[in-house]
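Could you build all of it, start to finish, from the sequences and the hints given here?
In order, the protein sequences belong to chains A and B.
Using my numbering, you'd call the opening residue of the first sequence number 1 and step up by one each time.
Using my numbering, you'd call the opening residue of the second sequence number 1 and step up by one each time.
A hint or two may mislead.
[What the hints assert, rightly or not] Derived list of chain A stretches under chain B, where covered just means 3 residues or more per stretch with a C-beta under 8 Å from a C-beta of chain B:
hint	region
1	61-75
2	242-255
3	301-310
4	336-346
[Said to hold, decoys possible] Computed, partial: chain B to chain A, Cβ under 8 Å:
hint	residue
5	A3
6	A51
7	S57
8	S93
Don't read these hints as lab results, they were simulated from the structure.
Built from N, CA and C at the ideal position, the CB exists for glycine as well.
Residue strings, one per chain:
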Amino acid sequence: MEWLYVLMPIAGVKIFWPGLIILGVGVGIIGGFFGMGGAWMVTPGLNILGFPMAFAIGTDIAHMAGKSLISTMRHGKFGNVDYKLGLIMLVGTVVGFEIGAQMVMWLERIGSVEKVVRWIYMALLAGIAWMVFHDVGKRKKLERAAAAKGEVLDDSVQGIDFASKLHKIHIPPMVHLKEAGIYCSAWLPIIVSFLTGWLAGILGIGGGLIRMPALIYLIGCPTHVAVGTDLFEVAISGLYGAATYTWKGRTELVAAMIMLVGAAMGAQVGAVATKYIKGYGIRIAFGLAVVGCAVSIFLKLIKPWLPGYGTLLDNASTTLVLGLVASMSIYIFMRMVAGAKRELAMKKNR
Amino acid sequence: MKAKLSRLWWSLMAMIVLCPGFALAAGGGNEAPIVIVADTRKLTGVLAWWANLYNESHLQFMLLTIVLIPVTGVVFGVIADLIMSRIGIDLKSKDLPGH
Chain A
1 MEWLYVLMPI AGVKIFWPGL IILGVGVGII GGFFGMGGAW MVTPGLNILG FPMAFAIGTD
61 IAHMAGKSLI STMRHGKFGN VDYKLGLIML VGTVVGFEIG AQMVMWLERI GSVEKVVRWI
121 YMALLAGIAW MVFHDVGKRK KLERAAAAKG EVLDDSVQGI DFASKLHKIH IPPMVHLKEA
181 GIYCSAWLPI IVSFLTGWLA GILGIGGGLI RMPALIYLIG CPTHVAVGTD LFEVAISGLY
241 GAATYTWKGR TELVAAMIML VGAAMGAQVG AVATKYIKGY GIRIAFGLAV VGCAVSIFLK
301 LIKPWLPGYG TLLDNASTTL VLGLVASMSI YIFMRMVAGA KRELAMKKNR
Chain B
1 MKAKLSRLWW SLMAMIVLCP GFALAAGGGN EAPIVIVADT RKLTGVLAWW ANLYNESHLQ
61 FMLLTIVLIP VTGVVFGVIA DLIMSRIGID LKSKDLPGH
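Structure representation (structure tokens):
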């Protein structure tokens, strides 16, 4: 079975290449659907396949730049990308990302990069999952209250609405973001993007995991526009991230290219699937994925305290991450197929 | 509420101002960064050339990376598009409005 393994020329490790393609397709679909690079699945996934963490981060960012670019083009045609918002956020993202990446290099020198990255991941995922489900829970409550009065709750009503309060801060310059339907201070997206970019640089992700909920809950974008705009950001910041990590010698391009074959095609499927699913449907699926990811990282974190169960915990974490990628991508693919069937049937009846 | 928002704003501004200082302090000192060298002894053909390029010039390796990655993404993404439009899926408009 030697042919199923390819030697990575830089990292010097042999990697199971079908695993890279499967991971690529899965995270491609999930990324195109949720508007993110999917690094939160890829980085642990690559690590599980045998990559050292420092290489896993750079390789992951390189592949996400390619798939997010094509996915942004698709979302752009659906009117889901607010380019003006994306460009404003780019300023904060790039500055924040570079500072985060420098901090990772420092952590690598003192030898604690894996531990720190995993703890930050954990805290972040827990916070995001709480926010998403709190939002969904509040929205459901409002729906029930409206139904009790014999009314139907408007699609625009949200469970959590921090954004409208933040829009009231009128610090010039003010900007009107057409696709997102927002009028706010330009400082709002700049600050949000700086903080999300900084975290992304530390975690070695494109930032979509943090920026997508930030776009919805802090900036106030509709879910579909958050997905598209986020991908635009991921494409550009991912390309910048790929350049900076490669410059530092931490990218395994052969692995990134193998993954990209599956990821680019998967990302298109994920992007088209958003056509058929409502905003809150995307939020719920996103929240579930975040919970699964948090559990898998938690299993890795508790390993030092349970040395007797090390192998069991490793296997459980691997199964969970790969199972999560598989089940989410199959679910999104099935919804896309069902939606496409409906669309084709309607076309036929016209 | 106004006072709270004002506190939040100034806290964020302080973070932005202080972050670069912290990061530079964190990355400072006289320690040399870790340099990883690819072992080319077991490699042949394209992989050997690739690893040599990495060892000799990170700049050239980086330039090639940022060209190859988007090109590969676009090529395979367009293939997926062609398949989907051949099936008959409308790739230009979305159906569902709402938040």
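Hint check results:
| no. | hint | in the structure |
| --- | --- | --- |
| 1 | 61-75 | holds (count 11) |
| 2 | 242-255 | holds (count 10) |
| 3 | 301-310 | violated (count 0) |
| 4 | 336-346 | holds (count 3) |
| 5 | A3 | violated, 13 Å |
| 6 | A51 | holds, 4 Å |
| 7 | S57 | violated, 11 Å |
| 8 | S93 | holds, 7 Å |
Violated hints for the displayed structure, listed by number in ascending order: 3, 5 and 7.
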